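Chains as they are written, first to last, in UniProt numbering: chain A, 1 to 383; chain B, 1 to 582.
The hints are simulated quantities; they were obtained by calculation from the structure and are not laboratory data. Misleading hints may appear alongside valid ones.
[Stated by the list, open to error] In silico SDA-like links for lysine to any residue, alpha-carbon gap of 20 Å or less: (1) A:K275 <-> B:P399; (2) A:K185 <-> A:Y134; (3) B:K75 <-> A:D132; (4) A:K185 <-> A:F233; (5) B:K138 <-> B:P391; (6) B:K402 <-> A:A372; (7) B:K138 <-> A:S148; (8) A:K275 <-> B:L400; (9) A:K142 <-> B:P78; (10) B:K246 <-> B:I235; (11) B:K315 <-> A:V243; (12) B:K75 <-> A:A136; (13) B:K381 <-> A:R272; (14) B:K58 <-> A:E156; (15) B:K75 <-> A:Y134; (16) B:K273 <-> A:E32; (17) B:K58 <-> A:A31; (18) B:K96 <-> B:A125; (19) B:K315 <-> A:R41; (20) B:K425 <-> B:K437; (21) B:K189 <-> B:K157; (22) B:K138 <-> B:K157; (23) B:K474 <-> B:G520; (24) B:K315 <-> B:P160; (25) B:K402 <-> B:V420; (26) B:K75 <-> A:R135; (27) B:K381 <-> B:R7; (28) B:K434 <-> B:K381.
As the structure is a computational prediction, the values presented were derived from the model and not from experiment.
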Amino acid sequence: MDASVDRGGDRWASHSRARDARTRAMTLTEAEQEVYDRQIRVWGLETQRTIGASRILVSFTCTEEDDDDDRGEKNASSTRASRGVAAETAKNVTLAGVGALTIRNDDRDDDASAYARTVGRDGNFLNVERADEYRAMGREPKDVTLASNMAQTLSEMNAFGKITAEDGGARGKKLYEEDADYFSKFDVVVACGYTFAEAEAINDLCRTSNCGFFGAFTGASARYFFADLGDAFEYVAGSGESVAAGVARYSRMSEALGARAGANDWTKLKKRASKIPLALRVVREFERRHSNRRATANDWDALDALRRELAGAFGASSEDIVDEASIRALLRPENDFPAMNAVVGGILGQEVLKRASRRGAPSVNAFFFDLASGQGFVHDFTP
Amino acid sequence: MEIDRARVARARVLAVGAGGIGCELLKTLALHGFENITTMDLDTIDVSNLNRQFLFRKRHVGMSKAEVARESVMKFQPRATIDATRANVKEARFDKEYFKSFDVVLNGLDNLEARRHVNRLCLAAEVPLVESGTTGYKGQVTVHERRTCACFECTEKPTPKSYPICTLRDTPDKPIHCVVYAKELLFSKLFGDVNTESDLDEQEAIEAGAFRRNEGETGTDFAKRVFAYVFGSKIEGLLLKDDMWKSRAKPTPLTTSGVGLDGAFTETLPDAKSARRAHGLLDTHAVWNTSECAKVFVSATARLIERERPVTFDKDDDDAMEFVTAVSNLRSANYGIPAQSLFDAKGMAGNIVHAVATTNAIVSGLIVIEALKIIHNQMDKTRYTFVLEHPSNGRFLQPLSKEDPNPKCSVCSNARVELVCNTNKFTKGDLIKKVLKGRLSVHAPSVMFGSSQIHETGDDLDEDEVEHYEALDKRTLSALPGGGVVNGTILAVDDFSQEFTFELMVTHREEWDEENDPDGFIIRGEDVKASEAVAEEATETEAAGAKDDDEVLLMDDEIEITDVKRAREDDDDAKASKKQRA
Ligand SMILES: [Zn+2]
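The following block holds chain B by itself, in its conformation from the complex:
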């Protein structure tokens, strides 16, 4: 590959994210002679970054990632000019015009929403995008450009899993159900906003005042009372529902005496900095027994209840995380589910992405190789590369040709998206929050229904406009002015900040099974239909023996790293590399 050094030095590059991939990327770009680099990251440096984000030191903890990264790179590459900002790429100032000022955009982001946002702006600004992701030993680098190839959103990304409320509350059967119960339900109920509705507000709980601290009640007495209700009488009540246990194992109630909570409650080290430490439980990898969990539960609850409400859950808040681990394990004891160590529970509750330095280094090299091709006008030579944990046909790094644009993609091909819901129950607020923002990553949605505006976002709205749209939020779709949004209605959705416009077709469905669709809606995105269509087509042509076996599969269960991988089985290659030895 012939490198034109002047061209590299001149090229204007935006590297979004200065974290795991970002640190490696900034280093590799600077070493290659890129002199016009812009980077941004909203995050500050955390201790757990130091195992891989090698531009950061212990003394930098709490400081801006982007700014420290810039400083560190300049020390080994003084010629590089790096414009570093502590900022969120979704801020309005980073608009289409801003993106247009770069020759190429390189993504080193850790969340799907921001990755989609950058994808949409790159499409609008017609700037090539090199996308990347890593999880553990796996990684991927893909290249996207308006019209010439698929965009980042041409293939469907898996949505975060949600669980039916009755499974969480009454019939859990996996550790994750217990962790989600502890974090989302019980933690919020006890320490969150008092005015928020909770799925734990069942009749008998309210009547018994199970979650309300009595006047003059000590923290530990309150905690013991919550324990007796949540892990004891609540379970006993459930046991009376015979139907629930016809095809399930019955849970076992816990008693305060059974776990050693009767009598005076003592901590061996009351001044310790968190609940478990107060009981001498220092090893985060150990699995606490039931009576240890009960002690941690009482101590953590007693500590948290003294804080000013609302307390929001944070995996790095020791008492909060220890509370969640204890609750999760006590419920596991109720339901005969294996208990977890604090370390493992933290991984689940915090959705912690597994990460090593090497994969990020490899991915940064691959990103820069694609970026070099792009700035040398060799878009035709760019490709996708997958980094594999276990070599396939001897390959750790598997290059693949780019995908074509998906004509059914709502982002780059103006395809329609279909929303299936019960229009008599689904509200406009649900549409905005759960569908447009939550699922489709629309940042600042405006929605037109016929000729009337039913939603707008922006700082320039009048007070009465804001009030008007808020009032509409509470209405069901079918009760919206102008005849109601019903089966077959087409809404026009627009996001000025992303330069993203599409049509949303609403399909009404009366009956919803909470087990299968806990969200109460389905996005039959046209891209889903499209991949179904491709799958059918492939089966047909395969039968005719005319096409490569294009298989659609997901790289990983982490949302950070997902894409289409076409497994091209090549007999020759397989044989050549699988040299068997006797």
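Chain A with its partners taken away, still in its complex shape:
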């Protein structure tokens, strides 16, 4: 949002102008041009080519409590909302024609029934029933993991890229426990459903390995994500003659949402602006003080005290205390809400593609969508 745009002659624009259209087109096959025709008309051939060379990781996890839900019928679609967000995002970037996509399930997946256990029971529409297909291939359906079943669906959506499944369980570690080498295999990492502390650790690893980071979160009646594309993310925006280069500055999530960050947000907040970003600071602070435990509706008393405390600490007037509804919107969901996943997965998909192609002004550095206001807006948390 805040990226400074340098108009006029710049290396990105001249770089793309200098290329001959003829040689560029030849790098996409006729089959690819047929499939991608409608979107090449949106973002151009060069962008399509860059997207085709990008390597994306979409990783997801549910909370420990969610995992227990898997065993019972109760709350069938319950709190596995992060799977829906991951599915939406993975679908969107796969359809766009990414070169390589890895879908990673970071939850325990050692149960023999694997993927079939949740077909039709959460917002994960990539998890389709294909027992007959697997048997025909000589594979036992019960040996198929959730991630590999999702990868199968994704590979059917994109005949040109390489789709891979990965299981945190099988690797014996969570995404935030991987090393920098692991991250250097990707241009962009999308982490869905992790705690703030875990997401911040993933963010730091992405920084070390120079890959773009997106962390997506689900609340009771809101969805949101953070982006960190580094200190100076260079991109090209505009089209035709009005192409211009820009540089966007991001910060790590841990800095943007740090305990001392955001003093300005409290006092400069205007009457009609959404209080959701401030509510997020309250919820983040809660988790910091409660050993990174996710806040739920049962924690309201503590959250209530905290919203007053923070407003006071940052010198905000009593009118600026974050309203209850904004905080509750961000708490751990009791039920999934697939329509919100579709909305946030769409915007997140677009932002991932902007990072992958360096085309289009990227959003700095968070996006929120909440049911109550119906707004989908970008908020800049960089200190």
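Chain B with the ligand: place on chain A using the hints.
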């Protein structure tokens, strides 16, 4: 938002269209626990759908969108019951009673006519409608219900642009003029129905037999002769008309020798599957030079002329599209207009809508949110949402409160529509085809003039009735029986299939300027007047400082996505989100 799962499972939902928005919508509905979903789509799956219509695979190309979508959704949501039909929503069986059997109707359609048709039936059946549209990164979702808020047609939608025939034929100055000439005029003249009148049938063309293939003439010889006339002697003839070039740059004629067409014509790969490929032109994004265009023109013409007439233009017919690109570029060379690649010419000739998966996904989520409110009896909480390409005040998704019904809307408020035309030249056929069907999207019009019926549509008409109405089609309005339709006449128009009735007032105007009004008529729809009135009112009240700044603007130049957007400038918001960094 509290969700009553039983209510969601029970709700009867009609999702019209199983394409770009439709695929996403069916998925999101099914995931939300909707169990009674009906969908219909007439289309079959095309390769170019696969980048976004994610329920379809390569192996499904050519199959029914609705049916494949149903099958794919059931695989991840076995509980959903989806009734899927390959059908056109405008079929008579989908009447008011049919629409009444749903709790809410959700539109994911790609054409204005069908969207209007569904709007009219929803009004008649008193079923709430959630409307949507997307183009590229932009999209919108609106909610409509009889009496409580505006209908889809309360705001005017832009009509497709038409171009004056003399601009197309003699004085083009934009690439689109050349593309339209190639597709609408020259293609139809050479390969279309022989009996159709053409604007290219000028005296000297007929005398010279310029467009007629001679006995025993080879396809390439015929093509070269057409080339010499269309891009050469025809242009030379125009150059003699001094008046035409007083304020315009003169065109330059092309010659067969100048573009290398003299001598024997050869193709490097005669067996290739289309004209350009026969000349080794494989890159659809490259702009062909003039001699390449000439070669493609000759090869494409030679191929097309061997087909059985009439050939109708189809952007996905390679020879046809390559012919149009070559002709368009050769005319561009005549007139000093920039040439286009095959890819760009195809976009123009085929009116191709730009589309990405993400916007459709976002819009599907927004549609379902509004549908959930409607089935939970929260119509008062429904709203419009605009999806923006570039955030405004930081917002990608901009909610707006619904519009009130427009009292001047001919569809939901029985307002009169005004037709301005020359009643001594405008025929009843023009009235039916161009005005009622073409402009007002009336599907099956009946027209009463006083107490006599001057037009009816339907399968149950007698043969002599059909003959009678056809005979009347050729008459000018003023020559219609019963004293003639003249200035001030009011006609009663009725469409049984849409449950749509309105009065059409005719205003006579003698003089028409072809440049400004190439159609030869104007619809001064009451809704146009209404928006003028609103604009005036707004200016007045604004001066008094009493009202929000309600601005009427169109979302996009595509007809697929148009609506009123009220830009509410809010100083506070603007300042809060435009945090400037040094
Ligand atoms: Zn209306």
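Next item on the list: Report the numbers of all earlier hints that the structure fails to satisfy, in ascending order.
Entry: The structure conflicts with hints 2, 7, 11, 21, 25, 28, although it agrees with all the remaining ones.
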